[in-house]
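Undergrad: Sequence:
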Amino acid sequence: MSMPAPPRLLDLAGQSLLRDQASAIAALERLPMELFPPLFTAAFTGRHSETLKAMVQAWPFACLPLGALMKEQQPHQETFQAALAGLDVLLAQEVRPRWKLQVLDLRKNAHQDFWTVWSGTRASMYSLRKVEGCRPGPKPPLAPVEVLIDLCLKERTPDESLAYLIQIAQQRKGMMHLCCKKLKIFAMPMQNIKKILRIIQLDSIQDLEVNCTWKLSTLGKFAPHLGQMGNLRRLLLSHIHMSSHTTLAKEEQCISQFTAQFLRLHHLEELYLDSISFLENQLTTLSLPRCLMTPLETLSITNCLLSESDLTHLSQHLNVSQLKDLGLSGVSLTNMSPEPLQVLIERASATLQDLDLDECGIMDSQFTVILPALGHCSQLTTFSFCGNPISMDVLENLLRHTIGLRKLSHVLYPAPLESYEDVRGTLHLGRLAHLHARLKQMLQELGRPGMVWFSANPCPRCGDRTFYDPEPILCPCYMPA
Numbered sequence: 001m002s003m004p005a006p007p008r009l010l011d012l013a014g015q016s017l018l019r020d021q022a023s024a025i026a027a028l029e030r031l032p033m034e035l036f037p038p039l040f041t042a043a044f045t046g047r048h049s050e051t052l053k054a055m056v057q058a059w060p061f062a063c064l065p066l067g068a069l070m071k072e073q074q075p076h077q078e079t080f081q082a083a084l085a086g087l088d089v090l091l092a093q094e095v096r097p098r099w100k101l102q103v104l105d106l107r108k109n110a111h112q113d114f115w116t117v118w119s120g121t122r123a124s125m126y127s128l129r130k131v132e133g134c135r136p137g138p139k140p141p142l143a144p145v146e147v148l149i150d151l152c153l154k155e156r157t158p159d160e161s162l163a164y165l166i167q168i169a170q171q172r173k174g175m176m177h178l179c180c181k182k183l184k185i186f187a188m189p190m191q192n193i194k195k196i197l198r199i200i201q202l203d204s205i206q207d208l209e210v211n212c213t214w215k216l217s218t219l220g221k222f223a224p225h226l227g228q229m230g231n232l233r234r235l236l237l238s239h240i241h242m243s244s245h246t247t248l249a250k251e252e253q254c255i256s257q258f259t260a261q262f263l264r265l266h267h268l269e270e271l272y273l274d275s276i277s278f279l280e281n282q283l284t285t286l287s288l289p290r291c292l293m294t295p296l297e298t299l300s301i302t303n304c305l306l307s308e309s310d311l312t313h314l315s316q317h318l319n320v321s322q323l324k325d326l327g328l329s330g331v332s333l334t335n336m337s338p339e340p341l342q343v344l345i346e347r348a349s350a351t352l353q354d355l356d357l358d359e360c361g362i363m364d365s366q367f368t369v370i371l372p373a374l375g376h377c378s379q380l381t382t383f384s385f386c387g388n389p390i391s392m393d394v395l396e397n398l399l400r401h402t403i404g405l406r407k408l409s410h411v412l413y414p415a416p417l418e419s420y421e422d423v424r425g426t427l428h429l430g431r432l433a434h435l436h437a438r439l440k441q442m443l444q445e446l447g448r449p450g451m452v453w454f455s456a457n458p459c460p461r462c463g464d465r466t467f468y469d470p471e472p473i474l475c476p477c478y479m480p481a
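If you number the sequence shown the way the UniProt record's numbering does, the last residue is 481 and the count never jumps.
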């Protein structure tokens, strides 16, 4: 039985020092910089609030990666607020003889190695000095401190720690820059969102998710802030609906407000639009393909109404030179010509890796038109097109067109029309098993036994999908009582 490692002399010295708060704070003036991280960790874990405040003020490195420590320790709220109070005291000082702190990083997934490196548990001092932003060094006097944070707004009001940080940012305006790389908004009144956005450096936001149920008028109020996020790389916008009480003139005004700000997002690489009620006949107005200085890598427009002119506009003008992911799940294409989709896939065939056409209502005749374009997608790895009324003949034709795509590893297809018992959508599991076996045999005969083809279709009773590969994974509706 192995014995636990004895405590190191460094740990014992830190624990002894922290027992006397006054001595610990006084010792910071003479403390070698390599002892700061382990002592800070001990103070943080032991909730020595006053010592923490003093250590933030005397921190000898350019970066204090507090978020990574919080991820490891899961601190008490008072401990975190004590560290923020130390920053507040630091910013209030007019003379800062030892101040080297440039960045307070509150992101939990940044600088993961900093604390383990300095604790001596692994790596070397040389490795530590290569941790970006956390090396010692001089600092220009009175330069603002950057506070880096990822925000998730899912409560009606900010929690106590966030409210305290906002208060410091407001009081120390000009001495502190609150930078937020990732911002997620789930549920919060617009007045509270605006209050937070006013103190954030909006051009620092690179990843924005607005996953709320907003009226179009609410989006119009948010739009001016969106337009200031000039370095945005990823945007997810979902569940924007038009109110039945809004006049047509007001709707057009709100759409114009959003469009004007959207056109300022020149650096988007990933765009996700889900359940956006006003999108039909608006892609031309948004000038989506033309306003971007960098080509999109991901375009996902799901559960939206689009017109044929919208799809034609995308197929003709979208810069697809780097498009890897294309999703049109839940966009009804039943009554459209298949040519715009065929052109879009063909133009993106050199780079496209993931294609999602679930629940598009694509018919046999339409699917046949796009088959040659699919066969040219040399980088395609995943193709999903569940929820489309496709026959077994077309599925076999698809397999022949794509068998030469060496990177294609997963195809998620709908249960073919021949596998249903009736018009209500009741699957005949024996037929489905037989048809699936035919596809498996074709893959074997054509030399691609490792390519995974599996079927899925929603149960007409509960909506859950039934999968088959190679045995059925059934929803409870098919289980015996």
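Mixed in with the good hints there might be a few duds.
[Said to hold, decoys possible] Okay, derived cross-link-like pairs now, BS3-like style, lysine-lysine, Cα gap no bigger than 27 Å in a straight line:
no.	residue 1	residue 2
1	K108	K71
2	K182	K195
3	K215	K108
4	K250	K173
5	K250	K71
6	K181	K195
7	K215	K173
8	K250	K195
9	K108	K173
10	K407	K181
11	K215	K100
12	K100	K154
13	K194	K184
14	K194	K215
15	K194	K173
16	K100	K71
17	K182	K215
18	K194	K221
19	K195	K215
20	K195	K154
[Stated by the list, open to error] Quick list of the computed label-pair ranges, beta carbon to beta carbon:
no.	residue 1	residue 2	range
21	S378	Q441	45 to 53 Å
22	Q444	V369	37 to 45 Å
23	V452	K173	31 to 39 Å
24	T284	N109	35 to 43 Å
25	Q170	A26	27 to 35 Å
26	H266	R47	40 to 48 Å
27	T247	L417	38 to 46 Å
For the record, the hints were derived by calculation from the structure and aren't laboratory data. By construction, the Cβ of each residue, glycine as well, lies at the ideal position given by its N, Cα and C atoms.
Undergrad: Could you work out which of the previously given hints the structure breaks and list their numbers from low to high?
TA: As far as the earlier hints go, 3, 4, 5, 7, 10, 11, 12, 21, 22, 23 are violated by this structure, in ascending order.
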